[in-house]
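Student: So the protein lines, in turn, are chains A and B. Position one of the first sequence corresponds to residue 1 (my numbering), numbered consecutively onward. Position one of the second sequence corresponds to residue 1 (my numbering), numbered consecutively onward.
The set of hints was computed from the structure by calculation and includes no laboratory data. Any given hint might turn out to be false.
What the hints assert, rightly or not - On the chain B side, residues computed to face chain A include the following (Cβ under 10 Å):
no., residue
1, 90
2, 163
3, 166
4, 168
5, 173
6, 174
7, 190
8, 193
Heads up, the beta-carbon is just placed ideally off N, CA and C, and yes, glycines get one too.
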Amino acid sequence: MKVLVAEDDSLLSSILINRFQSSGFDVMGSFDGDETVDKIKSWKPGLILLDILMPKKDGFAVLEEIKKDPACANIPVIVLSNLGEENDRQRASKFGVIDYLVKANTTPKSIVEKVQAMKL
Amino acid sequence: MARSGNAQPPNTETTTEKDGVLVPLQLKLLLILIVTALPPVALLVAEKFWPAGTLGVSLERVLGGTISAGGITVSFYLVLVGCIAVLGIGIGFILGDGVFVTPVKALARWLSETNEPHDSGVPIFPKLHRDEIGALGRGVSAMAARGLQVGEQDKTVTNEKSTFLMVAAHQLRTPISELTWSIEELLDPSTSEETKQKIIQNLSKPLKRTQLVIGHILATASIEEGRFGYVFEQVDIVPVIEKLVNDFALVAEEHGNSIVFEHGPVPLVYADAERISLALFDLITNAIDYTPRGGRITVSLKPASNDRVEVIVADTGIGIPEKELPFIFTKFHRGENALHMRPNGSGLGLYLVKNIINGHGSEVFVDSSETIGGTRFSFFLNTKPPA
Numbered sequence: 001m002k003v004l005v006a007e008d009d010s011l012l013s014s015i016l017i018n019r020f021q022s023s024g025f026d027v028m029g030s031f032d033g034d035e036t037v038d039k040i041k042s043w044k045p046g047l048i049l050l051d052i053l054m055p056k057k058d059g060f061a062v063l064e065e066i067k068k069d070p071a072c073a074n075i076p077v078i079v080l081s082n083l084g085e086e087n088d089r090q091r092a093s094k095f096g097v098i099d100y101l102v103k104a105n106t107t108p109k110s111i112v113e114k115v116q117a118m119k120l
Numbered sequence: 001m002a003r004s005g006n007a008q009p010p011n012t013e014t015t016t017e018k019d020g021v022l023v024p025l026q027l028k029l030l031l032i033l034i035v036t037a038l039p040p041v042a043l044l045v046a047e048k049f050w051p052a053g054t055l056g057v058s059l060e061r062v063l064g065g066t067i068s069a070g071g072i073t074v075s076f077y078l079v080l081v082g083c084i085a086v087l088g089i090g091i092g093f094i095l096g097d098g099v100f101v102t103p104v105k106a107l108a109r110w111l112s113e114t115n116e117p118h119d120s121g122v123p124i125f126p127k128l129h130r131d132e133i134g135a136l137g138r139g140v141s142a143m144a145a146r147g148l149q150v151g152e153q154d155k156t157v158t159n160e161k162s163t164f165l166m167v168a169a170h171q172l173r174t175p176i177s178e179l180t181w182s183i184e185e186l187l188d189p190s191t192s193e194e195t196k197q198k199i200i201q202n203l204s205k206p207l208k209r210t211q212l213v214i215g216h217i218l219a220t221a222s223i224e225e226g227r228f229g230y231v232f233e234q235v236d237i238v239p240v241i242e243k244l245v246n247d248f249a250l251v252a253e254e255h256g257n258s259i260v261f262e263h264g265p266v267p268l269v270y271a272d273a274e275r276i277s278l279a280l281f282d283l284i285t286n287a288i289d290y291t292p293r294g295g296r297i298t299v300s301l302k303p304a305s306n307d308r309v310e311v312i313v314a315d316t317g318i319g320i321p322e323k324e325l326p327f328i329f330t331k332f333h334r335g336e337n338a339l340h341m342r343p344n345g346s347g348l349g350l351y352l353v354k355n356i357i358n359g360h361g362s363e364v365f366v367d368s369s370e371t372i373g374g375t376r377f378s379f380f381l382n383t384k385p386p387a
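The task is simple: from the sequences and hints, build the whole structure.
Tutor: Written as structure tokens, this is what we have:
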């Protein structure tokens with residue numbers, strides 16, 4: 001399965017990409033909101049791991065844009081953010097994200113296991 | 001009772017514009033008694049002293065005679081006195097109600113409504129007479145206004161503290177994530193050696209970031225509590241800035257930028273070198289972060305008038321919108337362009353810079369152009385202790 005890791009922190013991005021690649025996924029990274037939207041529309045991943053606080057366009061703006069495009073609207077999204085307040089979760093759930101994970105409270109291994117368990 | 005429509009302290013306009021007692025309650029009470037008692041007393045006096053034949057009318061003739069009803073005979077005079085006494089009491093009651101009862105009721109109603117939540121607005125203070133009841137009401141209103149103001153200040157302080165804690169928690173979560181994830185990968189036997197080496201090489205990044213965030217948080221807390229002290233001494237600021245610029249050279253290169261330090265001979269400055277270093281650290285960090293690849297950061301030092309030295313940090317970056325310039329030194333403020341380029345900032349850096357430079361008896365000056373690009377921060381350091 002194709003997985004897009006949208007994360008502006010280079011260390012976190014490389015760790016997550018390595019972990020998903022070594023688990024057999026086809027992975028690509030994006031580092032800001034504009035690049036994320038471009039790669040979603042051109043590469044059409046089967047799953048998006050989406051950070052919220054990114055340069056140029058934040059994760060919520062990315063969600064708003066892709067949900068308007070019928071070609072990408074149904075791609076499952078897991079939000080991976082260190083914004084963990086209830087209003088952030090509620091805002092994300094309005095876009096129909098399938099999960100909301102706080103990076104400081106999870107690890108790459110458990111994220112991969114969660115994705116594998118989802119059988120997407 | 002009418003409401004002002006805004007959540008604010010009670011309207012104390014009427015309580016301050018007319019202070020003092022104009023007509024004391026004792027005088028009003030006396031007047032009411034006179035009005036009540038006067039008609040029947042006047043009638044009694046007139047009956048006794050009305051000269052016969054005055055105006056061609058004899059009072060005896062007017063007041064004489066009897067009235068009979070139901071087998072009871074009463075002199076007309078007594079009936080008249082009775083009616084006038086009742087009339088007097090009625091007038092006295094109405095006046096007394098207006099002077100004593102109505103204002104007290106209005107005040108009680110206002111107090112009751114003021115104690116309710118103020119989402120729909122604060123009740124307007126009733127109009128009271130300038131007597132003791134009015135003075136009492138105005139005093140109570142002023143006390144309530146002071147109490148509400150203290151409550152609003154407490155709410156502002158609590159809100160600020162909440163924001164501070166949220167920003168601090170969020171800022172620390174990112175380096176914690178980096179460390180947690182790095183450790184998990186290093187401990188996992190399935191992680192390749194190449195990946196492990198890359199992780200080890202980058203481990204200092206989250207540690208430095210944590211140091212920076214904690215430093216900012218502690219410094220801000222110290223400033224807020226008045227504990228952010230300075231140790232002033234005569235110091236050669238050139239090597240201090242030189243070291244800082246050298247430390248940043250690699251960081252600037254990773255961002256695709258260059259950083260240079262320009263200076264000629266400058267006198268010693270009277271400053272806290274560590275605090276100035278912290279201020280410059282924040283200014284240079286911002287300059288690098290908000291300058292796109294291919295840009296240049298210049299730190300300059302030059303003598304200035306009035307026994308001062310000018311320090312300048314200039315970049316060729318994205319600039320600051322003019323409308324945001326008045327707010328950039330405000331705690332937690334993140335400008336539009338800043339959020340666009342570096343959404344994870346704390347909004348504390350420039351607040352600290354301003355406080356440090358103010359602590360050295362100077363101001364921070366900023367020149368920025370969003371259209372041309374580039375921002376220039378500058379401040380002065382004294383070369384001598386203040387007189």
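Student: How about residue 168 of chain B: closest beta carbon in chain A under 10 Å, or not?
Tutor: Status violated, d = 12 Å.
Student: With a cut-off of 10 Å on the beta carbons, see whether residue 166 of chain B makes it to chain A.
Tutor: Since the shortest Cβ distance to chain A is 8 Å, the answer is holds.
Student: Interface hint check: residue 190 of chain B, Cβ to nearest Cβ on chain A, cutoff 10 Å. Holds or violated?
Tutor: Cβ of residue 190 of chain B sits 6 Å from chain A, so the hint holds.
Student: For the hint on residue 193 of chain B, does the least C-beta distance to chain A fall short of 10 Å?
Tutor: violated (12 Å)
Student: For the hint on residue 173 of chain B, does the least C-beta distance to chain A fall short of 10 Å?
Tutor: Hint holds; residue 173 of chain B Cβ to chain A Cβ min 4 Å, cut 10 Å.
Student: Go through the hint on residue 90 of chain B and say holds or violated, using the shortest Cβ distance to chain A against 10 Å.
Tutor: This hint is violated: residue 90 of chain B lies away from chain A, its Cβ roughly 65 Å from the closest one there, beyond 10 Å.
Student: Does residue 174 of chain B pass the interface hint, meaning its C-beta sits closer than 10 Å to a C-beta of chain A?
Tutor: holds (6 Å)
Student: Taking the least C-beta to C-beta distance, is residue 163 of chain B closer than 10 Å to chain A?
Tutor: With a closest approach of 12 Å, the residue 163 of chain B hint is violated.
Hints 1, 2, 4, 8 from the list above are not met by this structure, while the remaining hints are.
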